[in-house]
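Colleague: Just so you know, the protein sequences line up as chains A and B, in that order.
Just so we're aligned, residue -9 is where the first sequence starts under the numbering used here, counting upward by one.
Just so we're aligned, residue 4 is where the second sequence starts under the numbering used here, counting upward by one.
Worth double-checking, as some hints may not be accurate.
[As the list claims (entries may be wrong)] Mimicking SDA-like on lysine to any residue, the simulated pairs with C-alpha atoms at most 20 angstroms apart in a straight line are: (1) B:Lys156 / A:Phe124; (2) B:Lys156 / A:Gly14; (3) B:Lys156 / A:His5; (4) B:Lys156 / A:Arg66; (5) B:Lys156 / A:Ile180; (6) B:Lys156 / A:Ser10; (7) B:Lys156 / A:Leu15; (8) B:Lys156 / A:Arg207; (9) B:Lys156 / A:Ile116.
[Stated by the list, open to error] Cβ-to-Cβ under 10 angstroms is the rule here; a few derived chain A residues that face chain B: (10) Met(-9); (11) Ala(-7); (12) Leu17; (13) Leu20; (14) Gly122; (15) Ile125; (16) His148; (17) Leu151; (18) Leu156; (19) Thr157; (20) Leu159; (21) Ile161; (22) Ala203; (23) Ile205.
[Said to hold, decoys possible] If you anchor each label on the Cβ, the simulated ranges turn out as follows: (24) A:Gln178 / B:Trp125: 54 to 60 angstroms; (25) A:Ile62 / B:Pro200: 21 to 27 angstroms; (26) A:Arg3 / B:Ala242: 34 to 40 angstroms; (27) B:Arg18 / A:Asp71: 32 to 38 angstroms; (28) B:Lys118 / A:Arg3: 57 to 63 angstroms; (29) A:Leu6 / B:Trp125: 43 to 49 angstroms; (30) B:Val126 / A:Ser76: 51 to 57 angstroms.
Derived by calculation from the structure, the hints in this document are not laboratory data.
Remember, predicted model here, so these are calculated numbers, not experimental data.
Just so you know, even glycine gets a beta-carbon here, dropped at the ideal spot from N, CA and C.
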Amino acid sequence: MKAFFHLLGCEFRLHLRHASRNAGLILFFLLIIVLLPFAIGPEPDLLRRLAPGLIWLAALLMSLLALDDLFIADARDGTLDLMQLSTLPLPLIIAGKMLAQIAIILLAILVMLPPAAFMLGMEWTILPVLAGTFILGLPVLFLLGGVMGAITVGLRRHPALLTLLLTPLYIPALIFAVSACDAAVLRQSIWPVFCLLGAMLALLIPTAPILIAAILRQDQS
Amino acid sequence: MSLISYFANPGRFTRLAQLLIPWCAIAALCAFAIGLYLALVASPPDYQQGETVRIMYVHVPAAWIGLMLYIAMAIAAAIGLVARHALADIFCVAAAPVGASLIAVCLITGSLWGKPTWGAWWVWDARLTSVLILLLIYLGYIVLRHAFDDHEKGSKAGAIFLLIGAVNIPIVRFSVDWWHTLHQPASVLRPGGSSLPPSMLTPLLVMGLAYGLYAVCLVLLRMRTVLTQRKLEILTRAAQ
């Protein structure tokens, strides 16, 4: 357990030292938000109604970008081989790495949510619900993306492959997240949808690290 | 189980496929001839939809067989992962384009039917969306499988993707019951028996049989091709 927390601290420090990558991702997220009003027109009513969906779309595209090189650097410089030699079980190491990555991005997104919502004229009462869907939904995106990123790690660069693999898997999470915000706008109960998102997350938390570890181990041998 | 391991020998499988393919092809042709006659000529027009109801006889069996092929592929993927069956991956590789085309046929005919009936080529209804996701999963699998040079690794990665994608199958099946959106609920396989009259059910079932035989024939043919391709790859590598 001590080793796991040590690894977690290590990962967090790595993310902070190489902050430019994560900062670039958040900038990408904000740039999409800035571009969208130009694409669909600046009418405040239209933007207000579409805001939760647009913010989620921006986050989803950003996560596709983030996942593209999740394990590739580790595979290339031999970190992956060292991780397998560690006394810590590989799924736990993967879980630690994913946890650090998800926590950093989630934190940054939560900080950026109010300005994004402000720019699109979203109602402030929806903001906590939107933040809640991100807390449950963003880890779902990253865990699914981690599995697919591990599958494609040994492949020659194939630009749209990860996007193609992840799109069908992302759609349910996107539907639930946005329908929670819609329910909040209509003053309906948001709990059924939150429970569904939570169920997806609860299913992925134990399975994804084990799957990723199995794929990476087979890939290295 | 012994039957499954019996056909793990590609030679035995090829001989059986050789035997089955012509019979399947003839049976599929006969079933298509009878089914199309029953569907397009002999069956009555619908009292609400008129003649457009005939699109159903092409649309529904394509969806059935496209869905069944995915289920078969997911089962084969599981067998391939657990038992390392030699033909499991070859089946998946061979069946994926067939299933994808059938789902595409289902979506296109559905769209052609939707325009006169619903007044729109496409609506974001639960059933339509989940079938579109199924098509995307098929396409994702095909591209993923082609990205690997190493069949050993490719089969494992593809199998994992197929098994994750299998979550979508119950959603496709029950989407019309869980979300009451535009697409009509199940009318053939449902509790309390089919709601279709026999004059429409018979052509539909014959067409289903025709599509099924056609798919079996095509998949066997493609499996033989993939087997030959693999053999060729091994021989070229040995020659170099």
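Colleague: Could you run down the list of hints and mark each one as holding or not?
Modeller: Taking the hints in turn, this is what the structure says about them:
Taking the CA atoms of B:Lys156 and A:Phe124, the gap is near 34 angstroms; set against the 20 angstroms cutoff, the hint is violated. A threshold of 20 angstroms between alpha carbons decides the hint, and for B:Lys156 with A:Gly14 the separation of about 33 angstroms lies outside it, so the pair is violated. About 31 angstroms separates the Cα atoms of B:Lys156 and A:His5, which puts this hinted pair outside 20 angstroms; it is violated. For the hint linking B:Lys156 to A:Arg66, the alpha-carbon distance of about 18 angstroms falls within 20 angstroms, and the restraint holds.
The straight-line distance between the Cα atoms of B:Lys156 and A:Ile180 is roughly 43 angstroms, outside the 20 angstroms bound, and the hint therefore fails. The hinted pair formed by B:Lys156 and A:Ser10 fails the criterion: a straight-line CA distance of about 34 angstroms is larger than 20 angstroms. Proximity of B:Lys156 to A:Leu15 is assessed by CA-CA distance (about 31 angstroms); at most 20 angstroms being required, the pair is judged violated. As the CA atoms of B:Lys156 and A:Arg207 are separated by approximately 12 angstroms, the hinted pair is consistent with the 20 angstroms bound.
For the hint linking B:Lys156 to A:Ile116, the alpha-carbon distance of about 46 angstroms lies beyond 20 angstroms, and the restraint is violated. At about 29 angstroms, the closest approach between the beta carbon of A:Met(-9) and any beta carbon in chain B exceeds 10 angstroms, and the interface hint on this residue is violated. A distance limit of 10 angstroms between C-beta atoms decides the matter here; for A:Ala(-7) the minimum to chain B is near 28 angstroms, and the interface restraint is violated. The interface hint given for A:Leu17 is violated, since its Cβ lies 29 angstroms from the closest Cβ of chain B, which is over the 10 angstroms cut-off.
Restraint check, A:Leu20 versus chain B: the minimum CB separation of about 28 angstroms is more than 10 angstroms; hint violated. The beta carbon of A:Gly122 comes no nearer than 23 angstroms to any beta carbon in chain B, farther than 10 angstroms, and the hint placing it at the interface is violated. Taken as an interface hint, A:Ile125 does not check out: its beta carbon lies about 22 angstroms from the nearest beta carbon of chain B, beyond 10 angstroms. Checking A:His148 against chain B: minimum C-beta separation of about 5 angstroms stays under 10 angstroms; hint holds.
A least Cβ separation of about 6 angstroms between A:Leu151 and chain B falls short of the 10 angstroms threshold, and the interface hint therefore holds. The restraint placing A:Leu156 at the interface with chain B holds, with a minimum CB-CB distance near 8 angstroms, inside the 10 angstroms limit. A distance limit of 10 angstroms between C-beta atoms decides the matter here; for A:Thr157 the minimum to chain B is near 6 angstroms, and the interface restraint holds. Among the interface hints, the one on A:Leu159 holds; its C-beta lies about 7 angstroms from the nearest C-beta in chain B, closer than the 10 angstroms criterion.
Taking 10 angstroms as the C-beta contact cut-off toward chain B, the hint placing A:Ile161 at the interface holds, the least distance being around 6 angstroms. Contact between A:Ala203 and chain B, as hinted, is not supported at the beta carbon level, the nearest pair being about 12 angstroms apart and thus beyond 10 angstroms. Look at A:Ile205: its Cβ gets to within about 7 angstroms of chain B, closer than 10 angstroms, so that hint holds up. For A:Gln178 and B:Trp125, the Cβ-Cβ distance of about 27 angstroms falls outside the hinted range of 54 to 60 angstroms, so the restraint is violated.
Between A:Ile62 and B:Pro200 the CB atoms are about 59 angstroms apart, so this pair departs from the stated range of 21 to 27 angstroms. Roughly 53 angstroms separates the CB atoms of A:Arg3 and B:Ala242, a value that falls outside the hinted 34 to 40 angstroms. For B:Arg18 and A:Asp71, the Cβ-Cβ distance of about 45 angstroms falls outside the hinted range of 32 to 38 angstroms, so the restraint is violated. In this structure, B:Lys118 and A:Arg3 meet the distance hint of 57 to 63 angstroms, their C-beta atoms being roughly 59 angstroms apart.
The hinted window of 43 to 49 angstroms between A:Leu6 and B:Trp125 holds, with their beta carbons roughly 47 angstroms apart. Restraint check, B:Val126 to A:Ser76: a C-beta distance of roughly 52 angstroms satisfies the suggested window 51 to 57 angstroms.
Checked against the numbered hints above, the structure violates hints 1, 2, 3, 5, 6, 7, 9, 10, 11, 12, 13, 14, 15, 22, 24, 25, 26, 27; every other hint is satisfied.
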